[in-house]
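Each chain, written out:
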Amino acid sequence: MPLRNRLKVLREAEGLSQQEMAKVLGITRQTVISIENNHFDPRLSLAFRVAEHFNVPVDEVFYSADDNE
Amino acid sequence: MQLAIQDKKARWAMAGAIGLVLAAGLGLIAGLTRDNFWLSFTVFTVVMAPALVALSAMVLGEGQGSEPAYAEDTIETHWARVAGLGAFLDLVIAMGLSVAAASILHLPSIPLVFFLLLAMSDFAMRLWRLSRQGGQ
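The listed protein sequences correspond, in order, to chains R and B.
Everything in the first sequence is counted per our numbering, starting at 1 for the first residue and increasing by one.
Everything in the second sequence is counted per our numbering, starting at 1 for the first residue and increasing by one.
Be careful, since some hints might not be right.
Claimed, not checked - For the chain R half of the interface with chain B, some residues (derived, Cβ under 7 Å), not all of them:
no., residue
1, Gln19
2, Gly26
3, Ile27
4, Gln30
5, Thr31
6, Ser34
7, His39
8, Phe40
9, Arg43
10, Leu46
It should be emphasised that the hints constitute simulated quantities derived from the structure, not laboratory data.
Just so you know, even glycine gets a beta-carbon here, dropped at the ideal spot from N, CA and C.
Make the full structure from the sequences, and use the hints.
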């Protein structure tokens with residue numbers, strides 16, 4: 001099941017660069033880029049950290065590609 | 001155990017000294033266990049020195065602090081896992097085929113160093129390909 005995400009939208013709404021986002025989440029910039037481009041499905045721990053940072057439920061950030069947006 | 005040296009120049013100077021001493025030590029052992037002492041000593045010292053200097057620098061703090069807080073969540077770690085698994089499976093297949101061929105054809109066994117080089121180059125190429133693709 002392909003996974004999609006709204007990381008880029010949420011990050012840009014907060015005015016964070018990819019490098020800043022990576023530092024906040026404790027990962028690398030390449031990882032942020034890969035997640036935003038839907039090339040990398042993060043582990044559950046990272047998905048929860050992302051949701052926690054933006055103060056939204058996990059399924060508001062990550063969702064199935066089959067779901068209607 | 002805290003061995004880190006903060007000043008970069010001092011760190012590399014210390015790493016150079018430690019690395020060369022360790023390399024010379026290994027060269028000495030290699031020389032003493034072979035017929036041509038000076039040739040063996042020189043070759044082993046020169047070949048081992050760069051790796052031991054780099055290893056010493058890492059022990060003394062080179063590169064520390066640049067790694068992300070959750071390295072296990074990064075795509076680089078994912079690439080390393082995928083490349084490592086692929087290289088391991090290739091290694092098992094290559095060793096199995098070579099053992100079978102050597103047994104059936106009554107050929108001498110392939111030296112272990114060949115498989116070591118195969119595994120290392122396989123891992124490096126897989127890692128490079130994954131990083132070029134940028135995904136999983």
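### Query
Which of the stated hints cannot be reconciled with the structure, identified by number in ascending sequence?
1
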